[in-house]
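Keeping their order, the protein sequence lines are chains S and L. full-length UniProt numbering applies: residue 1 is where the first sequence begins, and numbers increase by one. full-length UniProt numbering applies: residue 1 is where the second sequence begins, and numbers increase by one.
Please note that a few of the clues may not be correct.
Chain copies aren't distinguished; within one or between two, either way the pair holds.
[Stated by the list, open to error] Pairs of lysine-lysine, DSS-like flavour, derived with a Cα cap of 25 Å: (1) LYS343 / LYS197; (2) LYS155 / LYS243; (3) LYS343 / LYS413; (4) LYS213 / LYS77.
Quick caveat, the hints were computed from the structure, so don't treat them as lab data.
Number of protein chains: 2
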Amino acid sequence: MLKSFIEVDADSHFPIQNLPYGAYETEQGEIHLCSAIGEYIIDLFALDEEGLFDGPVLNNQYAFQDSTLNYFMSLGKSAWTEARETLQSLLYANNETLRDDALLRQRVFKKRDDVRLVMPVQIGDYTDFYSSEQHARNVGSMFRDPDNALLPNWKHLPVGYHGRASSIVLSGTDIHRPKGQTKPDNTDQPIFGPSQKLDFELEMGFLTGSGNKLGHNIPVQEAEDHIFGLVLVNDWSARDIQKWEYQPLGPFLAKSWATSVSPWIITMEALEPFRTVCPQQDHKPLDYLNQPDRTTFDIQLDVFLKTENQSKPHRICSTNFKHLYWTMAQQLAHQTVSGCNVKPGDLYASGTISGPEADSYGSMLELTRNGTHPLTLPSGEGRSFLEDGDEVIMSGFAQGEGFKVGFGEVTGKILPAIK
Amino acid sequence: MLKSFIEVDADSHFPIQNLPYGAYETEQGEIHLCSAIGEYIIDLFALDEEGLFDGPVLNNQYAFQDSTLNYFMSLGKSAWTEARETLQSLLYANNETLRDDALLRQRVFKKRDDVRLVMPVQIGDYTDFYSSEQHARNVGSMFRDPDNALLPNWKHLPVGYHGRASSIVLSGTDIHRPKGQTKPDNTDQPIFGPSQKLDFELEMGFLTGSGNKLGHNIPVQEAEDHIFGLVLVNDWSARDIQKWEYQPLGPFLAKSWATSVSPWIITMEALEPFRTVCPQQDHKPLDYLNQPDRTTFDIQLDVFLKTENQSKPHRICSTNFKHLYWTMAQQLAHQTVSGCNVKPGDLYASGTISGPEADSYGSMLELTRNGTHPLTLPSGEGRSFLEDGDEVIMSGFAQGEGFKVGFGEVTGKILPAIK
Chain S
1 MLKSFIEVDA DSHFPIQNLP YGAYETEQGE IHLCSAIGEY IIDLFALDEE
51 GLFDGPVLNN QYAFQDSTLN YFMSLGKSAW TEARETLQSL LYANNETLRD
101 DALLRQRVFK KRDDVRLVMP VQIGDYTDFY SSEQHARNVG SMFRDPDNAL
151 LPNWKHLPVG YHGRASSIVL SGTDIHRPKG QTKPDNTDQP IFGPSQKLDF
201 ELEMGFLTGS GNKLGHNIPV QEAEDHIFGL VLVNDWSARD IQKWEYQPLG
251 PFLAKSWATS VSPWIITMEA LEPFRTVCPQ QDHKPLDYLN QPDRTTFDIQ
301 LDVFLKTENQ SKPHRICSTN FKHLYWTMAQ QLAHQTVSGC NVKPGDLYAS
351 GTISGPEADS YGSMLELTRN GTHPLTLPSG EGRSFLEDGD EVIMSGFAQG
401 EGFKVGFGEV TGKILPAIK
Chain L
1 MLKSFIEVDA DSHFPIQNLP YGAYETEQGE IHLCSAIGEY IIDLFALDEE
51 GLFDGPVLNN QYAFQDSTLN YFMSLGKSAW TEARETLQSL LYANNETLRD
101 DALLRQRVFK KRDDVRLVMP VQIGDYTDFY SSEQHARNVG SMFRDPDNAL
151 LPNWKHLPVG YHGRASSIVL SGTDIHRPKG QTKPDNTDQP IFGPSQKLDF
201 ELEMGFLTGS GNKLGHNIPV QEAEDHIFGL VLVNDWSARD IQKWEYQPLG
251 PFLAKSWATS VSPWIITMEA LEPFRTVCPQ QDHKPLDYLN QPDRTTFDIQ
301 LDVFLKTENQ SKPHRICSTN FKHLYWTMAQ QLAHQTVSGC NVKPGDLYAS
351 GTISGPEADS YGSMLELTRN GTHPLTLPSG EGRSFLEDGD EVIMSGFAQG
401 EGFKVGFGEV TGKILPAIK
């Protein structure tokens, strides 16, 4: 097994097999790109300045001296592979370059707990898909017709919609309860006030690296090569606002007030060992979506809720990325088939990921059946939807033999609506 | 009446009363911000470099030495007012600074026909509203129920959805026909191919300048101060793709393959003389949308179609911005009421603008009643929807006494789908 001169716990999300990408604020207030290993972040600016990214693609590109990853992402897969090989090599137990240079080590490694991570990517556009069959069935059963829970198009194309990019925030950002217009069933006229049905949505999202030109498309069999990596996504939702506003043009304010993402981008290469089979597609899709050897990734996902009266987070959902009906390659092929151009740093979220069991549903809406079956927490409190002071913590990892490739967490705490 | 030392035709869209903002590519291949007067563009980079923006807000800000307007827009209304006053003053008939400096004039003025205009703003997020009552009624009647053409929420809030920012292109960009998945009524299974119901949508859009912090909102009575200016928008649409994909999350690929905007941003100050009354709102909206003295702008809008067999564009629609039911201030107050943050350079389009008469509908869908009543063009050709080779030209202006404040045009030609 690969081993670094940096000691890494078997339970750590960040062994040498991971090497995710992020960004942090230095003591001088500058933004530096970074990676992570064990308890440390790795300052990529410092490594780049030392000329250590000296492979044929990255040499003299200064790709890690930018304040966002967008340029590096735009360089495409050969650059990503080279950067990963360079980094792994520099961290190997028997490589002296970093290991035996105390001054350089001091510049490059900082305790992860001591630094403030920031958004590593400028996200241009944000698409949110709806690719979990169980989630679409749960929602369709509650709001439309249990006998026809899936709409006719659902198995023919990965349904999705455009989200709001400006309100994507990094894990740890406090979230104010949104206000908005709703129409309770027992009133004639709509009313205004803080949302009464505040929810999380457990999702994952991929970020595109190299894109396509307007008018052209990315074929499904090439789509994975355009995907740089994945993050955890909490697509906060206001169910009562959504219900009143969403016809006929889809969710708008219900989803645009905040979307939280985890700080580390886990690369496709780090996830490669965790490929697994997909759910069978019972309708053969049209050619542009047809991917004969569909695989996905085995990524364990958990959601924890911590109220102000609890000392510890309590797990309320446990599911897996592999349950999604549509693959990322199918999503990206669909997104671009009309000629829509994607750019480096665009975010494509999966939609809520719900598994087959009742404790594997990825939203309060589903876990509590629209609030009719509140959760009971260890503190004795009940929860139909999220209340002020509640913190939602999502975590994800893939389990290797003796190591984990993890996403860390995406967290967010609900604060009262601003007056 | 204000007069410049530059001669301006009474029919010109760009007299000294307008002074819009744009950007162009210099002979050296650099992007410079610019304004326009008569037949000329005004190089703002050159004026800024000469230190001529020397008012208290803009002095030493180098706001016009950037390659986009975003920084200038972020400075807020006092900066916009000051820049306009400076520009107008420099152009006055009796001001010698520019008028009598032949060298400087040569640097600053270029023939508009000789330069290539480029996108002057980096657009972060793009929202598309649905604020024309006539349009919503026309569409609702065709696709849902003529007796209940408006959905219950329509008069209570400005319905809108998120659009795709990456595919916003400047006027003059050729547009490839999109391909996609559709399900004709006479088939069991969806099919794939070039859209057969290609349409334009006549819209206007406003660009926000200074924004708001996430979690906070922009009150309706302050909203106009956050609006920098307006452009013409052609929100190209594929009706057949839309029909099959749009439930339950709204239009997605049907609209994301191209949106064309006019190159000049017309400021709110230039439009100020053209305020006029709004359509009455027959439901008093909730307080956050209530704007006691609602006004809008009297802007004449025309759509022309030029097929390959015609020598001249033929007008197919004539309408007015003033028909919109919801004002821009109400749209922006709604967009932010949940705490969604807007940023400098975001685009907010009105939705298709249709007037009360049958020749004032802003889309082929409405003009031809979903293709059942094709238009007959002077060449004798019929048109249900747009065909390859068709060019759509939209134009807009406000009529003053002896002058126009115009938007110029937004044009786009349909090319065949890429194989």
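Q. Taking 25 Å as the upper bound on the Cα-Cα distance, should LYS213 and LYS77 be classified as within, between, both, or neither?
A. within (17 Å within a copy, 36 Å between copies)
Q: Have a look at LYS155 and LYS243 and pick one of within, between, both or neither, based on CA distance no larger than 25 Å.
A: Intra 24 Å, inter 16 Å, cutoff 25 Å: intra and inter.
Q | Within, between, both or neither, where LYS343 and LYS413 count as close if Cα-Cα is 25 Å or less | A | between (31 Å within a copy, 24 Å between copies)
Q) Given identical chains, is LYS343 near LYS197, meaning Cα to Cα at most 25 Å, within a copy, between copies, both, or neither? A) neither (34 Å within a copy, 27 Å between copies)
Hint 1 from the earlier list is the only one contradicted by this structure; the remaining hints agree with it.
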